[in-house]
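Per the working numbering, the first sequence runs over residues 2 to 284.
No wet-lab data here; the hints were simulated from the structure.
Positions of the beta carbon are idealized from the N, C-alpha and C atoms, including for glycine.
The reader is advised that the hints may include incorrect statements.
What the hints assert, rightly or not - Derived SDA-like pairs (lysine to any residue); straight-line CA-CA distance at most 25 Å:
| hint | residue 1 | residue 2 |
| --- | --- | --- |
| 1 | LYS109 | GLY48 |
| 2 | LYS109 | ALA43 |
| 3 | LYS161 | ARG198 |
What the hints assert, rightly or not - Derived CB-CB ranges, DEER-like:
| hint | residue 1 | residue 2 | range |
| --- | --- | --- | --- |
| 4 | ALA129 | TRP36 | 17 to 25 Å |
| 5 | HIS245 | ARG274 | 20 to 28 Å |
| 6 | ARG30 | ALA131 | 25 to 33 Å |
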Amino acid sequence: MPELPEVETVRRGLAPVMEGQAIARADVRRPDLRWPLPQGMAARLTGARVERLGRRSKYLLADLSTGETLIVHLGMSGRMLVSGARLGAFARDHPPAHAHDHVVLDMKSGARVTFNDARRFGAMDLTATAALDAHWLLRDIGPEPLGNAFHEDYLVARLKGRRMPVKAALLDQRIVAGLGNIYVCEALHRAGIDPRRRAGRIAARRVAALVPVIRAVLEEAIAAGGSSLRDYRRSDGELGYFQHGFRVYGREGMPCPAAGCAGTVRRIVQSGRSTFLCPRCQR
DNA sequence: ATGTGTTCCTGTCCGC
DNA sequence: TGCGGACAGGAACACA
2 MPELPEVETV RRGLAPVMEG QAIARADVRR PDLRWPLPQG MAARLTGARV
52 ERLGRRSKYL LADLSTGETL IVHLGMSGRM LVSGARLGAF ARDHPPAHAH
102 DHVVLDMKSG ARVTFNDARR FGAMDLTATA ALDAHWLLRD IGPEPLGNAF
152 HEDYLVARLK GRRMPVKAAL LDQRIVAGLG NIYVCEALHR AGIDPRRRAG
202 RIAARRVAAL VPVIRAVLEE AIAAGGSSLR DYRRSDGELG YFQHGFRVYG
252 REGMPCPAAG CAGTVRRIVQ SGRSTFLCPR CQR
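Construct all of the structure, not just a fragment, from the sequences and the given hints.
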């Protein structure tokens, strides 16, 4: 899935199509994704206006005029595809339904937003906007990495005493929101930290140095429109370009791009997932 | 309480 | 060209 930069890219692509627009019709084509979809979802969406399209961690949040918020998680393979957004578009301008098109939102403007998710690890829920922060999917999530609550002292305190590898700690959404396998690998490489190091045994100043590095990686990725890997595309169908910015992810066997480092990128497996690192400059 | 391994599901790619 | 296995951006859950 899309990690934070990809979800933010999707949000920016969808906002002009959805914000301020009413949903004329919602077509819910299967009863469940990762979990059952909320009861009566189509009826609860129909006629609602999207007041604002936001993001928290890897969740898209559509605040509706009905007082509810639509929560969307893209899982590993979820996409939000837009069609018919041109001025004066008609229903016939929409492409035929594809396999795994699970939820289709037809906006009053004529634009259509289609949630497509082959692997179905994605999720949707509807909940009262006033109680959004208490929703079970959101309540335990840590600070936004690009926000003020994520800072050096915070990360040092949260990693202190932790025996798990720092890679696993940064993937833990309760510690910091929105990071996934790609950007954790990239951030640890830029910070020169070995992903296998126990989180609590890294010098505080090195942990502190991770904070601006994480912010920089995410900001660069957002600026590039995210990464397009496999089935992920931006909502406008264009590719994101950040995959050209990867220094280690997916680059096993290639020379380490760090200045003055003659190492080779290696792939290892940590808790069942690939980690890419340069054993020479990451300590 | 922590840390680790398994699981959900489908598609793609690579080697034989 | 077909077939089997590995692997893919997540994260809840079960278990040590």
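Hinted pair LYS109 and ALA43, Cα distance within 25 Å: Status holds; Cα separation ~15 Å.
Could you check the hint for me, namely that ALA129 and TRP36 are 17 to 25 Å apart, CB to CB? With Cβ atoms ~18 Å apart, the hint holds.
Cβ distance range 20 to 28 Å for HIS245 and ARG274, holds or violated: holds, 23 Å
For the range 25 to 33 Å, tell me whether the beta carbons of ARG30 and ALA131 fit it or not. holds, 30 Å
Keeping to a limit of 25 Å between CA atoms, is the pair of LYS109 and GLY48 held or broken? Holds, at roughly 9 Å.
Restraint check for LYS161 with ARG198, where alpha carbons must lie at most 25 Å apart: holds, 13 Å
Violated hints are absent here; each numbered hint is respected by the structure.
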